[in-house]
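Asks: Chains as they are written, first to last, in our numbering: chain Y, 3 to 174; chain D, 369 to 465; chain B, 563 to 692.
Don't read these hints as lab results, they were simulated from the structure. Only a predicted model underlies this, so the values are computations on that prediction, with no experimental measurement involved. Note that beta-carbon positions come from the ideal geometry of N, C-alpha and C, so glycine has one too. Be careful, since some hints might not be right.
[As the list claims (entries may be wrong)] Per the computed footprint, the stretches of chain D lying under chain B, defined by three or more beta-carbons under 8 angstroms from a beta-carbon of chain B, are: (1) 372 to 382; (2) 388 to 398; (3) 403 to 413; (4) 432 to 441.
[As the list claims (entries may be wrong)] Simulated coverage check for chain B against chain Y, where a stretch passes if three residues somewhere in it have a Cβ under 8 angstroms from a Cβ of chain Y: (5) 566 to 576; (6) 600 to 614; (7) 638 to 650.
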Amino acid sequence: MRRGKREISIFSGKGLYGALVRLVAFSLLWAVLTQGGGGWIIGVPAVVLATFLSLGLHAPISWRWRPMGVLRFIPYFLWQSLRGGIDVSRRALHPKLPIDPAVVHHTLLLPPGPSQVFFANTINLLPGTLSADLHEGHLTIHMLDAGLEYVMELKRVEERVADLFGVELKRR
Amino acid sequence: MTMSEFYFGYALFLLLTVAISLIRVLRGPTSGDRMLSAQLFGTSGVGILLLLGRGMEMPALWDVALVFALLAAVAAVAFVQRVWKSGEQKEAKSDAS
Amino acid sequence: MAGETVILEVFIFVLMILGALFMLVAALGILRMPDVFTRMSCNAKSVTIGLGFLLFAFMLHFRELGVGSRALATIAFIALTIPVASHRIGRSAYLSGVSLWEGTIRDELGEALKGTREGPHKEDAGDEKR
Chain Y
3 MRRGKREISI FSGKGLYGAL VRLVAFSLLW AVLTQGGGGW IIGVPAVVLA
53 TFLSLGLHAP ISWRWRPMGV LRFIPYFLWQ SLRGGIDVSR RALHPKLPID
103 PAVVHHTLLL PPGPSQVFFA NTINLLPGTL SADLHEGHLT IHMLDAGLEY
153 VMELKRVEER VADLFGVELK RR
Chain D
369 MTMSEFYFGY ALFLLLTVAI SLIRVLRGPT SGDRMLSAQL FGTSGVGILL
419 LLGRGMEMPA LWDVALVFAL LAAVAAVAFV QRVWKSGEQK EAKSDAS
Chain B
563 MAGETVILEV FIFVLMILGA LFMLVAALGI LRMPDVFTRM SCNAKSVTIG
613 LGFLLFAFML HFRELGVGSR ALATIAFIAL TIPVASHRIG RSAYLSGVSL
663 WEGTIRDELG EALKGTREGP HKEDAGDEKR
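Work the whole structure out from these sequences, hints included.
Replies: Here it is in structure tokens:
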């Protein structure tokens with residue numbers, strides 16, 4: 003979804019923070035690409051240019067990950083992705099192609115904003131789920147196997163994402 | 369078997385998987401399916417470049433692989449924004465007629 | 563010491579073979595699965611895992627900062643971009659009404675909501691070629 007272009011000055015507090023985050027991120031990327039060794043004569047202008055261009059393309063939005071949430075989320079995400087890969091391998095290699103797909107509708111308990119988008123993208127790597135459409139807090143999901151206990155599974159993922167972003171889940 | 373031979377063999381295997389997915393480009397039926405094969409082409413390409421970079425002692429190929437990893441996604445998004453919406457409607461019409 | 567190195571080398575070898583298998587699964591999935599959503603589902607998960615294993619094996623094998631940081635950056639790019647790209651393609655496919663496999667169970671609420679969305683609609687136009 004594209005929002006109207008908002009002008010955020012990099013001299014305002016929030017804008018400056020967003021700009022700094024990107025500056026650091028691009029510098030880090032340059033360091034990785036050049037293996038930490040030199041090239042900063044080209045690197046510094048490139049990093050500054052990239053920061054300004056990216057701010058022009060997309061204004062900073064306020065979201066934050068909780069450090070402890072990140073530590074808890076990464077192993078969970080890696081393990082679930084591995085499960086997802088194994089699950090899909092089993093299905094794709096099996097001679098009978100055991101799939102029982104369904105398109106289901108899931109009303110998100112996460113609050114509107116970045117955490118919902120993050121959730122929609124995360125489930126693409128988890129076992130059997132693929133997000134088809136996210137619209138006003140309703141997520142349409144394609145399942146490889148409708149027989150899975152997907153409602154509980156999705157809720158568990160939502161709890162993890164809420165923990166990562168430090169947000170509260172809505173109560174039904 | 370030397371290490372670089374192993375890498376070349378591995379790269380060849382990845383090329384084979386690309387060849388398999390190219391059958392999907394021929395069959396279609398929608399442009400989305402074809403795009404998916406192209407996406408696999410990109411990601412397998414990343415793997416092949418990583419292996420060749422090691423096998424041929426050309427570290428620069430690792431940089432190319434990194435760029436490929438980013439471009440694969442950009443290509444997919446560009447495809448969605450530019451091609452799908454107009455192209456798919458035309459296809460649907462020509463199917464019906 | 564020597565024993566540990568052998569174990570590590572075997573582990574790296576296994577990781578690489580598994581990575582290759584996951585890449586093969588992605589291709590087979592794209593070929594065998596019946597519709598664009600199932601193909602994409604298969605592709606997204608197995609490609610990420612496959613390349614992840616390959617890069618992790620490289621990191622363990624070379625144990626250099628240069629290799630490690632690049633491998634980690636590539637893994638991060640793949641893990642960030644594949645789901646996003648899949649979501650974009652999936653969303654366009656869904657909204658433009660690409661036909662689902664005939665065995666797919668539908669959710670009425672979702673279908674009703676879809677009716678309120680923009681995008682061209684297409685009734686299921688026959689079976690898909692396998």
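Asks: Could you work out which of the previously given hints the structure breaks and list their numbers from low to high?
Replies: 5
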